[in-house]
Amino acid sequence: MSDLEAYRARAATWLESMVPAFGKAARKGLSEADDLALARRYQAAKFEAGYAGINWPVEYGGQGLGHLEKVTFDSEEMKHGFPNAYFGISLGMPVPILMQFGEDKAFVKERVLKALRGEEIWCQLFSEPAGGSDLAGLRTKAEPDGNGWKINGQKVWTSWAQYSDYGVIVVRTDPNVPKHKGLTYFWVDMKAPGVTVRPIRLAGGDSHVNEVFFDDVKVDDDHRMSPVGGGFAVAMATLMIERYVATDSGGFGPHLDLFVALAWDINLNGKPAIDDGRIRQQIARNYAMRNGLNSITARAMAMMQAGMVPGPEGSLNKLVSVRSRQKLSELAIDLQGNDGFAFDDHASQKEDWTSSWINAPTGRIAGGADEMLLNTIAEKILGLPQDHRPDKGVPFNQIPA
Amino acid sequence: MSILYDEGQQAIATESRRVLEARMNKDELLPLLEMTGRYHEGFWNTAKEQGWTALALPEEYGGLALGLVELGLIAHQAGRTLSGAPFLTSGFGCAKAIELYGSDEQKTRWLPALASGEIVGVVAFASGSDPLPAYPAIRFADGRISGRAAGVTGGLVADIAVVYAMGSLGPVLVVAELSDVERSAIGGFDNSRCYAHLGFTDIPAQPLAIDGAAREAALHILSLQAVITAHEQTGGAEAMMEIARDYALTRRAFGQVIGAFQSVKHRIAELYGLVELARANCIHAASREGKDDFIIAAAAARLSATEAYDTAARDCIQIHGGIGVTWEIGLHLHMRRARSLAIEQGNGLFWEDILVDRLTGEAA
Numbered sequence: 004m005s006d007l008e009a010y011r012a013r014a015a016t017w018l019e020s021m022v023p024a025f026g027k028a029a030r031k032g033l034s035e036a037d038d039l040a041l042a043r044r045y046q047a048a049k050f051e052a053g054y055a056g057i058n059w060p061v062e063y064g065g066q067g068l069g070h071l072e073k074v075t076f077d078s079e080e081m082k083h084g085f086p087n088a089y090f091g092i093s094l095g096m097p098v099p100i101l102m103q104f105g106e107d108k109a110f111v112k113e114r115v116l117k118a119l120r121g122e123e124i125w126c127q128l129f130s131e132p133a134g135g136s137d138l139a140g141l142r143t144k145a146e147p148d149g150n151g152w153k154i155n156g157q158k159v160w161t162s163w164a165q166y167s168d169y170g171v172i173v174v175r176t177d178p179n180v181p182k183h184k185g186l187t188y189f190w191v192d193m194k195a196p197g198v199t200v201r202p203i204r205l206a207g208g209d210s211h212v213n214e215v216f217f218d219d220v221k222v223d224d225d226h227r228m229s230p231v232g233g234g235f236a237v238a239m240a241t242l243m244i245e246r247y248v249a250t251d252s253g254g255f256g257p258h259l260d261l262f263v264a265l266a267w268d269i270n271l272n273g274k275p276a277i278d279d280g281r282i283r284q285q286i287a288r289n290y291a292m293r294n295g296l297n298s299i300t301a302r303a304m305a306m307m308q309a310g311m312v313p314g315p316e317g318s319l320n321k322l323v324s325v326r327s328r329q330k331l332s333e334l335a336i337d338l339q340g341n342d343g344f345a346f347d348d349h350a351s352q353k354e355d356w357t358s359s360w361i362n363a364p365t366g367r368i369a370g371g372a373d374e375m376l377l378n379t380i381a382e383k384i385l386g387l388p389q390d391h392r393p394d395k396g397v398p399f400n401q402i403p404a
Numbered sequence: 020m021s022i023l024y025d026e027g028q029q030a031i032a033t034e035s036r037r038v039l040e041a042r043m044n045k046d047e048l049l050p051l052l053e054m055t056g057r058y059h060e061g062f063w064n065t066a067k068e069q070g071w072t073a074l075a076l077p078e079e080y081g082g083l084a085l086g087l088v089e090l091g092l093i094a095h096q097a098g099r100t101l102s103g104a105p106f107l108t109s110g111f112g113c114a115k116a117i118e119l120y121g122s123d124e125q126k127t128r129w130l131p132a133l134a135s136g137e138i139v140g141v142v143a144f145a146s147g148s149d150p151l152p153a154y155p156a157i158r159f160a161d162g163r164i165s166g167r168a169a170g171v172t173g174g175l176v177a178d179i180a181v182v183y184a185m186g187s188l189g190p191v192l193v194v195a196e197l198s199d200v201e202r203s204a205i206g207g208f209d210n211s212r213c214y215a216h217l218g219f220t221d222i223p224a225q226p227l228a229i230d231g232a233a234r235e236a237a238l239h240i241l242s243l244q245a246v247i248t249a250h251e252q253t254g255g256a257e258a259m260m261e262i263a264r265d266y267a268l269t270r271r272a273f274g275q276v277i278g279a280f281q282s283v284k285h286r287i288a289e290l291y292g293l294v295e296l297a298r299a300n301c302i303h304a305a306s307r308e309g310k311d312d313f314i315i316a317a318a319a320a321r322l323s324a325t326e327a328y329d330t331a332a333r334d335c336i337q338i339h340g341g342i343g344v345t346w347e348i349g350l351h352l353h354m355r356r357a358r359s360l361a362i363e364q365g366n367g368l369f370w371e372d373i374l375v376d377r378l379t380g381e382a383a
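The listed protein sequences correspond, in order, to chains U and W.
Start counting the first sequence at 4; every next residue gets the next number (the numbering used here).
Start counting the second sequence at 20; every next residue gets the next number (the numbering used here).
These aren't lab readings, by the way, just hints derived from the structure by calculation.
We put the CB at the ideal spot given by N, CA and C, even for glycine.
Take these hints with a grain of salt, some might be off.
Computed spacing ranges between beta-carbons, pair by pair [what the hints assert, rightly or not]:
1) Leu119(W) with Met306(U): 31 to 37 angstroms
2) Asp221(W) with Gly280(U): 51 to 57 angstroms
3) Gly343(U) with Thr33(W): 50 to 56 angstroms
4) Ala109(U) with Thr33(W): 42 to 48 angstroms
5) Thr269(W) with His349(U): 53 to 59 angstroms
6) Asp265(W) with Phe110(U): 49 to 55 angstroms
7) Asp265(W) with His83(U): 15 to 21 angstroms
Please put together the full structure from these sequences, using the hints given.
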């Protein structure tokens with residue numbers, strides 16, 4: 004057994020032992036407040052067992068291991084439905100970027116430890132009503148105020164802001180220069196006066212994202228994590244941190260086995276649907292697609308193990324898997340006929356086709372819309388030109404609204 | 020587990036690409052479309068001279084003892100430049116059937132000549148639209164076969180064929196010399212494939228696999244060939260994607276290169292996705308030879324490669340506009356090849372059923 008496989012086996016054993024206390028069954032029927040409390044205990048247990056901050060520096064409380072161990076652990080953890088989503092953003096981007104760009108090391112270390120133990124949560128304040136994909140078009144502004152800054156504006160789609168203690172934020176500090184050049188990066192105290200968080204209910208009924216309003220929120224200059232006007236580079240660094248993450252060729256929806264089981268159960272024209280050519284074709288096509296993504300992932304892992312840099316094809320995963328999941332979920336509902344009307348808004352997206360379907364559009368938009376992913380493939384991998392951008396080189400305050 | 024190509028394998032890819040790019044060009048392939056019974060001799064001579072015919076055969080019979088991974092890499096390059104003859108894949112299938120199911124005497128008789136390329140081998144499994152029928156149309160009795168094998172790839176020029184026939188107790192796999200066979204050429208859309216109907220009348224044939232074992236043997240051979248063909252399709256799809264990309268970077272309309280329009284650039288990015296999924300499935304399938312899930316992996320490779328090549332050929336021509344549909348530019352060579360390869364070794368419908376039968380345990 005390779006070292007990595009031994010690591011995987013140890014992680015799997017430990018995760019199994021956590022199932023009674025933190026698994027799907029333990030979470031069933033909990034209010035969100037109780038679930039969050041359970042999640043904090045789970046995160047603390049991970050920290051104690053050495054599974055928090057797996058690939059982070061030891062000096063900050065991490066384990067000092069590599070991406071491979073991190074991805075391996077995450078792939079195993081994904082199987083059990085543990086309450087880890089509340090910390091996904093926090094530990095995924097804002098806290099690593101704080102380690103990288105935070106100036107006050109003692110402060111950083113204290114925050115990192117509390118985040119690793121699940122005691123504090125960080126959010127990422129990037130998107131705005133006027134700009135999601137067009138990040139650099141953001142309008143929230145910070146103006147000099149005494150020795151520090153004063154922030155005014157609005158962010159949106161901020162995951163878990165309602166539970167967050169801190170956030171990282173990109174704001175406009177100079178509207179007289181082209182849009183990318185007038186941005187600055189700060190961290191903010193989410194409990195500071197003038198910060199208002201308002202949850203947004205999504206189509207599936209849940210409310211993990213929020214609007215966040217800033218009204219004369221004062222921050223000291225030592226909250227600044229980039230040079231003045233240098234915020235865009237730190238924002239890009241934030242988005243690039245998790246280049247190799249655990250993936251799911253099922254698009255974080257149900258496994259194909261569940262579709263096959265459904266097709267056995269349901270009759271079409273007096274025969275099991277599994278005998279129907281239309282159904283068989285979709286099973287075969289989805290299998291081929293998922294098998295291709297799995298092979299890409301397996302190869303990327305093997306390359307990392309060999310000390311090589313994986314190819315750019317890993318960027319296909321979310322694009323291909325989530326939209327296929329969306330269509331397969333539609334077919335699964337279709338297959339059930341009038342039995343397909345029912346909906347349990349607490350059902351798991353990984354087990355229930357209706358829940359998978361209703362939440363699929365979020366998956367295709369969050370973390371890079373399909374269209375932006377296609378642009379990235381076209382421009383960065385294939386060398387095709389950028390779109391025509393009328394705002395290019397134009398001072399932000401002269402861009403036609 | 021998927022594999023990473025080692026240095027030797029990378030060298031095979033690089034060298035075969037260099038050779039084929041130097042020797043193949045569309046101006047020699049276009050006239051072949053209008054002739055039956057002709058293939059690109061330069062391609063076939065190259066395959067023999069480079070040892071590609073011997074690549075995946077055992078050393079004791081003149082082979083190089085490499086496998087699906089290596090032959091797949093060459094097929095990928097052949098797909099990029101449009102292979103000028105189908106015999107690399109057809110001969111490989113024929114030779115593998117003899118190697119895996121034949122007697123020592125049969126191996127000694129045929130394998131060295133197939134490895135050197137001295138003779139051309141093909142397989143004839145299909146009956147009409149059925150790639151692997153439950154009741155083959157050709158009959159086998161008393162050491163002879165009779166009947167008609169429809170649409171045999173390479174059939175016009177082949178020296179021997181492995182034939183799926185009906186024996187007294189069920190299907191059998193036999194090998195037959197074709198010198199006395201009646202061949203009727205199929206005037207088709209991709210004529211260098213040398214398609215022919217083969218008419219057998221009391222032609223001597225030697226059994227390779229009989230009774231219950233024949234169908235499984237034929238499916239295994241078809242799967243091996245399918246993996247090679249999938250590599251060739253992926254190579255063709257990759258070439259179409261690159262040609263589309265290069266054209267989109269130079270052709271201008273409405274004051275900019277057309278690659279700056281999202282309708283064009285996203286279409287090419289989608290092709291990239293299809294090509295990479297097909298490539299990943301091919302690499303995986305080639306590494307699964309001999310494993311329980313080999314046929315599933317082969318089917319997945321075949322399905323994704325067919326989708327990639329058809330789509331890439333279609334979209335590449337569309338992105339070119341009017342020039343794309345001219346005879347001279349030759350993009351239709353790929354469009355034709357995408358369809359002929361989609362059918363050879365079993366069409367998509369066949370592989371979908373094979374795959375789902377296995378996923379659901381129905382084939383067991």
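If you check each hint against the structure, which ones fail? The structure conflicts with hints 2, 4, 7, although it agrees with all the remaining ones.
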